[in-house]
Each structure stands twice: as C-alpha cells, then as structure tokens.
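S.K.: Residue strings, one per chain:
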Amino acid sequence: MKDLNKIHFPGKEPGEIIEMALRRHGVAIAKKISGLLIGVILLAVVYILLRNFTEWLDDDEGLFFILFILGGSLFVLFIILFIFHAWVDYYLDIWLITNQRIVATEQKGLFNRVVSELRLDRIQDVSSEVKGFFPTLFKYGSIHVQTASEQDKFWFDDVPQPELASRKILELHERYISIDRIQPRLQHDQHQHMTSDQDYHPPR
Amino acid sequence: MQADPLFYMVYLSYTKSMEFSPFIFLIAYLIGVIILVLLALINIYHIIRFGFLRAPSLVATFVFVILIVGIVLATLQILNHIDWQQPMEITIPFINNNEGFE
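From first to last, the protein sequence lines are chains P and H.
Residue numbering for the first sequence follows my numbering, beginning at 1282 and increasing consecutively.
Residue numbering for the second sequence follows my numbering, beginning at -4 and increasing consecutively.
Honestly, the hints are just simulated from the structure, not real lab data.
This one's a predicted model, so the numbers in the text were calculated from it and none came from an experiment.
Where a beta carbon is used, it is the ideal one built from N, C-alpha and C, also for glycine.
Covered, in the sense of this in silico footprint (three residues per stretch, anywhere, with C-beta under 8 Å from a C-beta of chain H), are these stretches of chain P:
id : stretch
1  : 1343 to 1352
2  : 1359 to 1370
Just some of the chain P residues that point at chain H, by a computed CB distance under 10 Å:
id : residue
3  : Leu1355
4  : Thr1386
5  : Gln1388
Based on the sequences and whatever the hints tell you, model everything.
M.R.: As structure tokens, then:
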C-alpha cells in the first residue's frame, strides 16, 4: 500500500508512523462475490427454462411476465447491493500497525463498527495460522495477537502472508520496548545533567 | 339422483375471477428500489465518513451506481409497453365440495 501515512485513524498521535497496513486477501472477498453471482446465474437458468419449456413468458403483457421481470430485476439489484456491501466491508476492515500500537478497525454489518487498539508493549505473543485448501494455495491465513490481558479481540482473518506480518509485528514490538527501556534512562541522564548544570556556580 | 360426470366436474371446480391493477406491482418494485438506495447510501456514507474516499472506493461506487441505474432503466424499458392503469383479470380455480351428490 502506498502512502500509508496518509491514512487517518482515530487518535493518531504526533510522531506515530504507520509501518504496515493489513487488509484481507482478495481471495476471501472473491469467494463471497462468487457465491452471490451464483444467484444471478440461477436466475438466468430459470429464465431460459421458462422461455423454452413453458408458455408463461410468451405473453409480454401477461401477469407472469410482469412479475418475473420486476422480481428478477429486484433480485439482481439486491445481489449487486450485497456485492457492494461485501466490498465496503472488505475495504473498511483494516489493521494499521504503527510504531506504537495496533489499530484494528472492523465493519460488522451496516451499523456496527468496532475500533480496537493495542499498544505494542502489551503484546505477549504473535501467532499465525494457515488452514484449509484455498488459504494454503493462495498463502493467506489468520494472525492472533496474545495480549497481557485475557481479552481475545486481536484476531485478524484472511491476511495475506500471515507469517511475514506476524514477524514484522514482533520486530516492531521488540523495537518499541527497547526504545521504551532506553528513553527513561536518557531522560534520567538529561535530567541529571541539567540539575548538575544548575548546581554549578562559577567562582567569583 | 344419478349425477352426470361432466356436470359433477363443472360443479366441483369452477373458477373465481379477480380484477386488479398491475400498478401495485410497480409500486412494490419502487419501494424495493427505495430500500436498496437507502442501504446503498449507508454504505457510501461509511466510505466517506471513515476517510477512505480514494480511487478504489470512488471507482467501486461509480460502477455500483451505474449498474443500479442501468438495471432500473432497463427494467422500465422492458415493461414500457405495459398499461399500468389497465385492470388485469386473474382466474383462480375454486373447489367447493361441501355439498355432495347422492
């Protein structure tokens, strides 16, 4: 993903840099969409069968013809809406891994949006799992981030290359906690230095 | 009384006619389209609200709108010749076997 840092997310702190953005693998949404497209194919098959083997659609002013066209049209419209919704769901579900935390945004249905965040120092373990035929074939799977608390909400499914992503998260975690250890020492040293400067009185 | 089989059949199954305007189907269809547009607007709102209004989302929204408008227009075009105010008659087979024959 280009220009990661143009992405806005709630509570972005100064100096926070987005290191990685994870979305679901394209195959996951393709599976959903193909399931919906089967509905359209079935409708076309029903139309062909009715046209060729019955007289129901012969009268283009008849009740059955009107009902079939209006019903079929509405059916296709809703299939397209569901495809669009699946795409929006895919597009808005994102894991942003910054140099300080993980921000997971999930769109669940039309009226439920969950944004959860986890500071990198709270990570205890990161594991990845590739399970099933399609995930093995297309190299996608899930990432599970174990936190210090019992909450089990950092689970992201259908991530491309989950091993690489989990390794990167661990690297960022290591980097973050090493900075976290160094920074207080630096601040302490600076403070010591400043107070010793203040204590110093030049000879008159 | 010995019943004539033909008379018996006609007596048992006769039809009932109903008249109605096909306009109600058009209204039902338009209500469906309105619900669809509302749901679509909620989806588009989510895209705009959460800051992902960029090329892929603009293209997807554009394709979606074009498809929806195209299908609605094509449907109305196919049914262009229908006189929606002209009452239609449907016949329902009605079976009454409460009264038996001796």
